[in-house]
Amino acid sequence: MNITRKNEGFGLIEVLVSLLVVTIGIMGLISLQLNTMQSNQASSYRSLAVWAASDILDRMRANREAALNAEYDIASGDDAPDDAVTIAEQDLSEWLTGLDNWLPVGDGAISVDPTTSEVTVTIEWDESMKRDGTDTEQFVFGTQI
Numbered sequence: 000m001n002i003t004r005k006n007e008g009f010g011l012i013e014v015l016v017s018l019l020v021v022t023i024g025i026m027g028l029i030s031l032q033l034n035t036m037q038s039n040q041a042s043s044y045r046s047l048a049v050w051a052a053s054d055i056l057d058r059m060r061a062n063r064e065a066a067l068n069a070e071y072d073i074a075s076g077d078d079a080p081d082d083a084v085t086i087a088e089q090d091l092s093e094w095l096t097g098l099d100n101w102l103p104v105g106d107g108a109i110s111v112d113p114t115t116s117e118v119t120v121t122i123e124w125d126e127s128m129k130r131d132g133t134d135t136e137q138f139v140f141g142t143q144i
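Going by numbering that gives the first Met the number 0, the letters in the sequence shown line up with residues 0 to 144, in that order.
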């Protein structure tokens, strides 16, 4: 008499395949979470850059005569004035120090055209965590004072 045995339950192959599918799903969720965190950080830095540009422009409007005399002109990479004597130097010192504290490797530049009263504020910071290979992010804001 031949007795046939039915195989019941899961075999090792089925368990390994289901484990592989679950692992791939979890890795996808982790990747999604990391991308969300990076985008959130980039958004936070951009918001700080907008706020910093608004801050220095408010200071320049309050001290318009000095702004139109190019006392606020500063190139990217320039150091903050050590001995701030004028209001413009004090504003620049506080602003550049703030950029360095608020943004990773934060730096700023300001250019004023006294004939048209146009001001261009450029703020740069390091975003080496970006996936597209670029390290520097830049925000440029132009207005008239």
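Since the hints were made in silico from the structure, they are not lab data.
Hints may be right or wrong, so weigh each one.
[What the hints assert, rightly or not] Ranges between beta-carbon positions, derived for each pair: (1) Ala61 - Asp99: 21 to 27 Å; (2) Gly76 - Pro113: 19 to 25 Å; (3) Ser43 - Ser110: 22 to 28 Å; (4) Val84 - Ser38: 39 to 45 Å.
Note that beta-carbon positions come from the ideal geometry of N, C-alpha and C, so glycine has one too.
How the hints compare with the structure:
1. Ala61 - Asp99: 21 to 27 Å: 23 Å, holds
2. Gly76 - Pro113: 19 to 25 Å: Since the Cβ atoms of Gly76 and Pro113 sit about 23 Å apart, the hinted range of 19 to 25 Å holds.
3. Ser43 - Ser110: 22 to 28 Å: Given about 26 Å between the Cβ atoms, the range holds.
4. Val84 - Ser38: 39 to 45 Å: 43 Å, holds
The earlier numbered hints are all upheld by this structure, with none contradicted.
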